[in-house]
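> All chains should be built: construct the whole structure from the sequences, respecting the hints.
Chains as they are written, first to last, in our numbering: chain A, 1 to 107; chain B, 1001 to 1123.
Certain hints may be false.
Claimed, not checked - When the alpha-carbon atoms are kept at most 25 Å apart in a straight line, the in silico PhoX-like pairs for lysine-lysine are as follows: (1) B:K1045 x A:K92; (2) B:K1005 x A:K39; (3) B:K1066 x A:K92; (4) B:K1045 x A:K103; (5) A:K107 x B:K1045; (6) B:K1045 x A:K42; (7) B:K1045 x B:K1066; (8) A:K42 x B:K1066.
Simulated from the structure, these hints should not be mistaken for laboratory data. Bear in mind that the values here come from a model prediction, so they are computed numbers and not experimental data.
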Amino acid sequence: DIQMTQSPSSMSASLGDRVTITCQASQDIGNNLIWFQQKPGKSPRPMIYYATNLANGVPSRFSGSRSGSDYSLTISSLESEDMADYHCLQYKQYPWTFGGGTKLELK
Amino acid sequence: QVTLKESGPGILQPSHTLSLTCSFSGFSLSTYGMGVSWIRQPSGKGLECLASIWWNGNTYNNPSLKSRLTVSKDTSNNQAFLKVTSVDTADTATYYCAHTRYDGTYYYVMDVWGQGASVTVSS
Chain A
1 DIQMTQSPSS
11 MSASLGDRVT
21 ITCQASQDIG
31 NNLIWFQQKP
41 GKSPRPMIYY
51 ATNLANGVPS
61 RFSGSRSGSD
71 YSLTISSLES
81 EDMADYHCLQ
91 YKQYPWTFGG
101 GTKLELK
Chain B
1001 QVTLKESGPG
1011 ILQPSHTLSL
1021 TCSFSGFSLS
1031 TYGMGVSWIR
1041 QPSGKGLECL
1051 ASIWWNGNTY
1061 NNPSLKSRLT
1071 VSKDTSNNQA
1081 FLKVTSVDTA
1091 DTATYYCAHT
1101 RYDGTYYYVM
1111 DVWGQGASVT
1121 VSS
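Structure follows, in structure tokens:
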């Protein structure tokens, strides 16, 4: 199985901060990675497809990037509505595997 | 507009079989490229992809659950099903179904999710 190592597992940040969350893949997954946002009691919402493509309706302060086997989700200027859990998912190879998740809280 | 909704027993006893239904609208599982994935999430924990079923009948089950999983579909009634046999307390989780599609070049994995069905395994 492809392991997705996500970091940090939790973090706190202030409004307006630039925030970066990372997933490292244990094998080559190309750009076959999605970032999801999940708010308490809600279903996950896709934010970024194919590592770098913004999903429909997602604010432009969100972006995705890749450097080798490291994939990053960046929020350029944190807003209160961005407080949530974030998950990465690789879909290069079955079983599709998620990272462990990052809990983003307000400082 | 694609929507999905999971339904299940809520609570069941250890060793029993969990049966979940995903009722959906806005797409057909007989249309090229369409699929439904099943994902679960224990309370306060991460997500685990369990299985997928595609328009052509192809299925994939996560081997971590060994042979306990069965996924199927009823295209006439726009439903997909997940069965998990021999459940134990570790299977307690919220179970989601999600729409997934393939356009011949790109996958759009889990682009729309159901609200989730809470399942508790307890004696």
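> Does each hint hold? Answer for all of them.
Cross-check of the supplied hints:
no.	hint	in the structure
1	B:K1045 x A:K92	holds, 23 Å
2	B:K1005 x A:K39	holds, 18 Å
3	B:K1066 x A:K92	holds, 21 Å
4	B:K1045 x A:K103	holds, 11 Å
5	A:K107 x B:K1045	holds, 22 Å
6	B:K1045 x A:K42	holds, 14 Å
7	B:K1045 x B:K1066	holds, 21 Å
8	A:K42 x B:K1066	violated, 29 Å
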